[in-house]
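Using the sequences and the accompanying hints, generate a full structural model.
Read off the chains here:
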Amino acid sequence: GAGVSQTPSNKVTEKGKYVELRCDPISGHTALYWYRQSLGQGPEFLIYFQGTGAADDSGLPNDRFFAVRPEGSVSTLKIQRTERGDSAVYLCASSLQGGLTYTQYFGPGTRLTVL
Amino acid sequence: QQQVKQSPQSLIVQKGGISIINCAYENTAFDYFPWYQQFPGKGPALLIAIRPDVSEKKEGRFTISFNKSAKQFSLHIMDSQPGDSATYFCAATSPGYNAGNMLTFGGGTRLMVKP
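So the sequence lines, in the order shown, correspond to chains A and B.
For the first sequence, this note's numbering gives the first residue as 28, with consecutive numbering after it.
For the second sequence, this note's numbering gives the first residue as 4, with consecutive numbering after it.
Among the clues, some could well be false.
[Stated by the list, open to error] The list that follows gives simulated cross-link-like pairs (lysine-lysine, DSBU-like), each with its CA atoms no further than 30 Å apart:
#, chain 1, residue 1, chain 2, residue 2
1, A, LYS38, B, LYS60
2, B, LYS71, B, LYS60
3, A, LYS105, B, LYS45
4, A, LYS42, B, LYS45
5, B, LYS18, A, LYS44
Just so you know, these hints were derived from the structure itself, not from any lab.
So, in structure tokens, the structure goes:
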């Protein structure tokens with residue numbers, strides 16, 4: 028079966044522009060997570076969806092970041108007024124459910140570069 | 004605040020040798036400790052995980068040792084192979100708000116196994 032897919036794989040944008048990053052989770056997975064990985068660092072949590080709702084958005088750095096999952100499957104991470112500090116790899120992960128020992132399966136990420 | 008500290012940052016091991024990566028955590032609410040392996044251009048993939056009610060878990064050449072009182076855990080890779088060359092991340096999670104389980108990652112260890 029297909030794993031988690033993310034598009035685009037690379038995105039280059041200019042400071043101040045708006046970007047959307049897409050995540051297609053594994054079919055049937057109800058839990059979806061977004062993480063951000065800066066160069067040479069471990070991933071950092073951004074937001075967690077259980078079904079269609081954002082159940083925990085405590086990791087979003089500020090109100091320029093927003094994410095949706097309108098039908099409980101595909102999710103889009105939206106970044107407004109991008110800044111150079113937003114440059115990172117954005118990773119999406121899904122798991123069958125949100126419980127403690129359910130494995131999170133990661134996609135390959137979207138590398139965002141803000142010039 | 005770095006809740007999971009990982010060392011070393013990089014490690015070079017000869018083929019057939021033992022690779023050891025260490026992690027320490029601060030949050031006593033953490034209740035599940037997975038290790039992830041990441042190859043360049045790929046997302047992290049679960050390698051092995053442990054709950055704090057056991058002191059050791061072994062899967063093939065990979066072993067986690069866990070010391071709850073010291074709040075430390077480590078990954079041992081026996082008979083290291085060049086194909087093990089990757090970045091390894093320890094992580095921790097606890098029963099989360101709204102049943103989500105955001106992973107808190109260490110900073111990563113870049114392992115190189117020389118043939």
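*Please write out, lowest number first, the hints stated earlier that are contradicted by the structure.*
As far as the earlier hints go, 1 and 5 are violated by this structure, in ascending order.
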